[in-house]
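Listed in order, the protein sequences are those of chains L and V.
The first sequence begins at 1 in this note's numbering and counts up by one.
The second sequence begins at 194 in this note's numbering and counts up by one.
Treat the hints as calculated values from the structure; they're not laboratory data.
There may be inaccurate statements among the hints.
[Said to hold, decoys possible] Okay, derived cross-link-like pairs now, DSS-like style, lysine-lysine, Cα gap no bigger than 30 Å in a straight line:
#  : chain 1 : residue 1 : chain 2 : residue 2
1  : V       : Lys-238   : L       : Lys-115
2  : L       : Lys-53    : L       : Lys-28
3  : L       : Lys-28    : V       : Lys-231
4  : V       : Lys-562   : V       : Lys-661
5  : V       : Lys-567   : V       : Lys-516
6  : V       : Lys-568   : V       : Lys-487
7  : L       : Lys-85    : V       : Lys-238
8  : L       : Lys-8     : L       : Lys-53
9  : V       : Lys-516   : L       : Lys-53
10 : L       : Lys-53    : L       : Lys-84
11 : L       : Lys-53    : V       : Lys-231
12 : V       : Lys-487   : L       : Lys-175
13 : V       : Lys-562   : V       : Lys-487
14 : V       : Lys-238   : L       : Lys-28
15 : L       : Lys-115   : V       : Lys-231
16 : V       : Lys-567   : L       : Lys-84
17 : L       : Lys-8     : V       : Lys-516
18 : V       : Lys-511   : L       : Lys-28
19 : V       : Lys-511   : V       : Lys-473
20 : L       : Lys-173   : V       : Lys-568
21 : L       : Lys-8     : V       : Lys-238
22 : L       : Lys-85    : V       : Lys-231
23 : V       : Lys-511   : L       : Lys-115
24 : L       : Lys-28    : V       : Lys-516
25 : L       : Lys-84    : V       : Lys-238
26 : V       : Lys-238   : L       : Lys-53
27 : L       : Lys-173   : V       : Lys-238
28 : V       : Lys-661   : V       : Lys-568
29 : V       : Lys-238   : L       : Lys-175
30 : V       : Lys-516   : V       : Lys-468
31 : V       : Lys-516   : V       : Lys-238
32 : L       : Lys-115   : V       : Lys-516
33 : L       : Lys-85    : L       : Lys-28
[What the hints assert, rightly or not] If you want the footprint, here are the derived chain L segments under chain V, 3+ residues with CB under 8 Å:
#  : segment
34 : 117 to 124
35 : 143 to 152
C-beta atoms are modelled at their ideal positions from N, C-alpha and C, and glycine is treated no differently.
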Amino acid sequence: MTEESILKGCLSNDAVAQKELYNRYSPKMLAVCYRFAHNREDAEDMLQEGFIKVFSQIHTFRNQGAFEGWIRRIIVHTCINNLKKNRKFNESVDLIHATAMQVREESVPSIVQAKQVVECIRILPIGYRTVLNLYAIEGYSHREIGSMLDIEESTSRSQYTRAKQMLEDILIKKKILQQQPAKKMNMLSSFGS
Amino acid sequence: MTRIWYTSKNQQLTSVHKIPCLMDRNFYNNDDFEEFLKQKADQHKMYPSDRVWNNIYSSLHGRRRWMIGGFALLFLFSSLFIGRQAVLSNYTRVATQINKVPASPFLAINAGNDKNQTKRPLPVATDLQPVKNNNNSIDEQAAPLTGSEGSNNILSEDRAAIITPEKELFIIKNDNAPVVTAPAATDHHLTPIPTPGTELHEILEPEAGKTKQANNTDILPLAKNKTAAIHPAKPASLFIQFYASPIISYRRLYNDAQTGYTAPVSANYGDNINKYVHHKPALGFEAGSKIQYKLSSNLSVYAGAQLNYSRYYVDAYKFHVEKASIALNDSRLDTLSGYTDIRNFSGYSPEQLQNQYWQLSVPLGIEIKLLGNKKLQLNVAGGIQPTFLVSSNSYLISSDYKNYIQRPDMARSFNVHTNFEAFLSYQMGGIRWQLGPQFRSQLLSSYSTQYRVREYLTEFGIKFGITKSLR
Chain L
1 MTEESILKGC LSNDAVAQKE LYNRYSPKML AVCYRFAHNR EDAEDMLQEG
51 FIKVFSQIHT FRNQGAFEGW IRRIIVHTCI NNLKKNRKFN ESVDLIHATA
101 MQVREESVPS IVQAKQVVEC IRILPIGYRT VLNLYAIEGY SHREIGSMLD
151 IEESTSRSQY TRAKQMLEDI LIKKKILQQQ PAKKMNMLSS FGS
Chain V
194 MTRIWYTSKN QQLTSVHKIP CLMDRNFYNN DDFEEFLKQK ADQHKMYPSD
244 RVWNNIYSSL HGRRRWMIGG FALLFLFSSL FIGRQAVLSN YTRVATQINK
294 VPASPFLAIN AGNDKNQTKR PLPVATDLQP VKNNNNSIDE QAAPLTGSEG
344 SNNILSEDRA AIITPEKELF IIKNDNAPVV TAPAATDHHL TPIPTPGTEL
394 HEILEPEAGK TKQANNTDIL PLAKNKTAAI HPAKPASLFI QFYASPIISY
444 RRLYNDAQTG YTAPVSANYG DNINKYVHHK PALGFEAGSK IQYKLSSNLS
494 VYAGAQLNYS RYYVDAYKFH VEKASIALND SRLDTLSGYT DIRNFSGYSP
544 EQLQNQYWQL SVPLGIEIKL LGNKKLQLNV AGGIQPTFLV SSNSYLISSD
594 YKNYIQRPDM ARSFNVHTNF EAFLSYQMGG IRWQLGPQFR SQLLSSYSTQ
644 YRVREYLTEF GIKFGITKSL R
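Next comes chain V alone, as it looks inside the complex (with noise of 0.2 Å):
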C-alpha cells in the first residue's frame, strides 16, 4: 500500500514540506524524509544566554588578564622590596664607611633623630658601658646600622653608641649625645648590633672586670681632634602605607560627535544619552599599599599597587531576544551586532544590570602637610593612576538605545585615573592612622574608541590607612 505524506499545514508549505514522501511503512522515500528533517532542523534556531559567551570569554582572555594583573603586581611588590633593601644595604655601606676612617680611636652612631640635636655641643659622655663582642663580623645585611626613626631599637634618643677599636659597643648615656666620632680601624668589622626588638638591657649587659667606666676627658679629646662624621639627626623619609576604602560609583556617558563615520543604526533620541539611561550608584572597594619618600617636612612622593572593584546598576527590562546593533567608530567593521533580552524602555519585567570593574593600577602622585603637628596634622594628596583592567563584566547601550548587550571585547585594557583625597592623620606609637574622603576620576572612557558611546566613572569613598616608616 503506498502512503502519502505531507505536512499538515497546507498554508504554510515550502518546497521543503512539498516533498510529501511516498512512503510505505518501513519502505518510503528515506531521501525525501531525511530532507525534510535536515530542513526543519536546519531552521531550528536557539539564542544562548549571555553566560555563554561570558564564559568563553573568560575562558579564552580572562586568564590572560588575570595572569598579566598577577604578574604585574608581583613585579611592584617585589620592585618595592628591592628598592627597601637597597635602601637598606646602601645605608649599611654607609656606617662601613665610616668605619674604615683611619686613625680614629671611636665610632659613634647617633640615634637620635631630632633636629635640634645637630645644634647641640660635642658629645660629653657621662656613662659608658660596653658591649661584650663574641663576633667579629658583622653581616650587613642582617643587622643594618641605622640611626633613623622608628628603625633603631637599641639606641634612644638620648644616647650614641661607639665601637671601638677592641670591637666593643658602647652606649653613652647622655642627654645632650647627639653624635660622633670615629673608630680606629684597622680591623673593619663591625660589632653586630642586636635586631630590633632585643631588650637594651640585655646588649648593655657587662662582663665582669670588663667595664670600662669613660669620663669626659677619656673621650672628648679624641672627640675633638679625630671626628669623623657628623652625622645630624635625621628624621625618617620613606614610609610604607597600607590603605583601603569603600567606593561608590557614578558614571557619565557622552555621544562621540567627533565620528564622521556613517552607520547603518542610530539614535533618534537627541544628544544627550543620559537622559535615556537610568543608574544607580553602587558599593564597591578599593585596597592597596604605596611607598611614599619624604622630600621636606611637608611634602612627600609615593608609588604604589592598589586594586579598585567599581560597579553600579543600570535600571533595564527583560523581553524576548532580539537582535541589537552597536555602530562603531570604524569604517572597516561600521557595525557590530549580537542578540539580547535587555531592554531599555519598555519590556516583560523591570531587572537591575551590574556594570563591574575589577582594575589594578599603580598610583602616583605627592602628599602635601597643610597643618598639624607631629602627633595630628591635616593632609592632602593627589595623583594620576596608570589602570589595567582585569576583569568587567558590564552592559552596553545599542546604538538606538533600546538595548543593553554585552560586549566585554568592547572594554578598554589600559586606562588611567586621577584621584585626590584629604585626610587627618594621628601618629601613634610607631604608626600614623588616617581617615578621610578621596575621589577618582577616569581620564579614558571605559570602553574602546571604535564604540560611539564613552563612558567616564566617577568614585567617591573614605579612606582608612596605616603608614609606618621604613628607615
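The shape of chain L in the complex, shown without the other chains (with noise of 0.2 Å):
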C-alpha cells in the first residue's frame, strides 16, 4: 500500500489501512518511545496512547512535511505528557543527584551496535535523558525543550552538557566510543572520503 492509500484509509476509518499505518511505524515509534520510558511496558503503553492520538487526529495532518515525522511528534509528545503525569520526570531532573550520579561499568548492558547506544542512553537519569533525546535526536530546540518540560532554556542547556558528558563516560566504559591516535582518524577520514 502507498502512503497516500494508507492515508486515505486512515481517514475514512479503515482498519486495514490503520494496521497498515501501524505496522509500518510502529517498531520506530516504540524505539522511540522506549527511550523515554522506565520500561518496556510502560513503552508500549506510550505507543499505544500516541497511536490513538495518531488515528483520532489525522485528519489534522496537512500534508506539510513527512508524514513519518508528523506521527513522531505526536508520540514524543504523548511520552513527555506521560512522564509529567507520572511525576517520576520532575522528580528526576535532580540536578546536583545526577551529577553525582556514578557510572558503573557492570551497569552497562553488553548488547551490540543501536540498541547498545540506545541501552546506555537509558542509563541516564531520566531528566538527562529526555532532554538528550530531546535535542540531541528528535531535533528540538532548548526553547522549545523548556516549553514542553516546563523548565528554563538554560536549565535545558545545562542538562544537556551534562547529560552529553554522562553519555560519553558511558560510552568509553562500555568501549563504544574510543580514544585514538590522530593519524588513526586521518585513515578513518580517508575511508569516509
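Two chains, two separate frames, one set of hints: put the complex together.
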C-alpha cells in the first residue's frame, strides 16, 4: 500500500489501512517511546496512547511535511505528557543528584550496535535522558524543550551538557567510543571520503 | 588536547561511525556527536506485542461494535415488548367491541381453552354470582380481557364471565360452560377484572342482599335470541422462550482457489490447508430468547435475539519476531504484512492460541411437533440467523502457512448462520421445559472476502430452554 492510500484509508477509519500504518511505523515509534520510558511495558503503553491519538487526529495532518515526522511528534509529546503525569520526571530532574551519580561499568548492558547505544542512553537519569533525547535525537531546540518540560531554557542547556558528559563516560566505559591517535583518525577520514 | 572518538567496531563502520568526532572534553564537535546518536537511535527498532494493536483496535472500533450490538439488542427487545403490548391491547379492543353490541343483556367471556368446548351446547348457568363493581371504567391496558390459556387466572375452564348492564361480573359455574352472550350496553364500560394472581374467592365475595340466583330460564331465552358473539376456546398462540446452551466449535478451512490475482507470497504446501493447521475445539456458550407464534397445533414460527461466544484453540509455536505476509484477493492492496512471534510449524516453545468470537444474532425459523401429546413432545426446529460480530480475537494464518498473525480488521462484521435442533419438551404448570442437541453452521467465511483462506465454524451444543405462553 502506498502512503497516500494508507492515509486515505485512515481518514475513512478503515481498519486495514490503520493496521498498515501501525505496522509500518510502530517498530520505530516503540524505540522512541523506549528511550523515554522506564521499561518496555511503559513504552508500549505510550505507543498505544500515541497511536490512538495519531488515528483520531489524522484529519489534522496537512501534508506539509513528512508523515513519519508528524507521527513522531505526536508520539514524543505523548511520552513527555506521560512522564509529567507520572511525576517521575520532575523528581528525576535533580541536577545535584544526577551529577553525583556514578556510572558503573557492570550496569551497562552488553548488547550491540544501535541497541547498545540506546541502552547506554537509558542509563542516564530520566531528566538528562529526556533532554538529550529531545535535543540530540528528536531535534527540538532548547527553547522548545523548556516549554515542553516547563523548565528554563538555560536549564535545558545545562542538563544537556551534563547528559552528554555522562553519556560520553558510559560509552567509553563500554568501549563503544575509543580514544585513538590522530593519525588513525586521518586514515578513517580518508575511508569516509 | 585534542581527542578523537570513533566506534570500537571498525569492521562495521558506516558513514555514521566514521564521524570520529574531534572532541575535547566539553569542547568537541557537537553536531557530529549528535548525528552519531541520532542515527544510532534511528537504527534501533523494537516490535510491540500484539496487545498494543489489539488495544488500539478496540479503542478505535470496539466501542462502536458494542454500541451497535447494544442498540440492536435494545431494538429487538423493544420490538418484542411493543409487539406483545400491541397484541394484548388488540385483544382488549375486541373485548370492548363485544361489549358495545346493542340489545344484549349479557356479555360472556369464555375462559376455557378446550377446543371441544365449541361443540358443547349453549351454556346453562347453574350458579351465578355477581361481583360488585366499584369502578365504572376499565383500564384496557391494565386489565385486558383475555380468554386464553395461561393468562386468565380469574376464569377457569368450567366458568364463564358475564357482564351485565349493571356492570356486575358473574361467574357461571358450569361443567359445560363455554360461552356466550352479550351485554346490553348503554354504558360501554367494562367491569374491572382483577389482575392475575387475585384470589378467586375475593372476587366472588357477594355483598349482602345483592346475590342473584340465576337459573336456566333467566338466561337461556336471552342467550338464545341475543347472542352477540360466540368465542370458541382458543389455545394459546404466542409464547416466549428463554434458552442457553454450552457449545463446542469446530472450524473448516478452505483455500480460495477462485482468485485470479497473483500475490507475491504464496504457499508451497498444496491445496488442503487443513493438513497444515492443528486446532482443538473449546467450550463456548449460547443464550437468547425468542417469541414463538403457533400457526397450528404442530407448526410454529419464531424470531428472537441471541448471543454467542465461540472459540477454539490453535496449536502453534513461539518464535522470535519475524515478518509475516498475507496475500489478498485485491489487486489494489495485494499483500498485508505485519510482525509476529507465533509460528505454525516450529519454534522455541509450544503455544496454544485461542480464537474467539462474540456474536449477536437474530434467529428466525420454524418449529415442528413430531410426536407426543400436550405434556410430552418431540420437536424439531431450524432456521437462519443473521449475525453481527461484536468482537473477535483471532489469529490468521499467513499465506505461506508459516506464521499466525492477529488481524481483527480482517474479520467479517455480518454473517449468516443456520441452525437445527431436536428436543424433548415437557409441560409442567404454565411452563414448558425443553432439552436437546443443536447444530449451528456458519454460511459465510469468518473473514473478509479479501483474505484468501476461508473459515467456517460449526458448533454443537445441548440446548436447555423454558417456554411460557404470552396469551
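Test coverage of the segment 117 to 124 of chain L by chain V using CB-CB distances below 8 Å; three residues minimum. Holds: 3 residues of the segment 117 to 124 of chain L have a Cβ under 8 Å from chain V.
So if I understand the rule, the pair passes when the alpha-carbon distance is 30 Å or less; does L:Lys-8 with L:Lys-53 pass? Holds. L:Lys-8 to L:Lys-53 sits at ~17 Å (cutoff 30 Å).
Holds or violated: L:Lys-28 to V:Lys-231, with C-alpha atoms at most 30 Å apart: holds, 13 Å
Below or equal to 30 Å on CA atoms is what counts here, so check L:Lys-8 against V:Lys-516. holds, 24 Å
Going straight from one Cα to the other, do V:Lys-661 and V:Lys-568 come out at no more than 30 Å? Since the Cα atoms of V:Lys-661 and V:Lys-568 sit roughly 14 Å apart, the hinted pair holds (cutoff 30 Å).
Does V:Lys-238 pair with L:Lys-115 here, judged by a C-alpha cut-off of 30 Å? holds, 8 Å
Could you grab the alpha-carbon distance between V:Lys-516 and L:Lys-53 and see if it respects the 30 Å cut-off? Since the Cα atoms of V:Lys-516 and L:Lys-53 sit roughly 26 Å apart, the hinted pair holds (cutoff 30 Å).
Holds or violated: L:Lys-53 with L:Lys-28, Cα cutoff 30 Å? Satisfied, since the Cα-Cα distance of roughly 17 Å is no more than 30 Å.
Given pair status - V:Lys-473, V:Lys-511, alpha carbons within 30 Å: holds, 18 Å
L:Lys-115 and V:Lys-231 were given as a pair; does the straight-line alpha-carbon distance stay at or below 30 Å? Holds. L:Lys-115 to V:Lys-231 sits at ~12 Å (cutoff 30 Å).
Between V:Lys-562 and V:Lys-661, does the CA-CA distance stay at or below 30 Å? holds, 17 Å
Given the hinted pair L:Lys-8 and V:Lys-238, is their Cα-Cα distance within 30 Å? The hint holds at about 26 Å.
Of the numbered hints given earlier, the model fails hints 5, 12, 16, 20, 35; all others are met.
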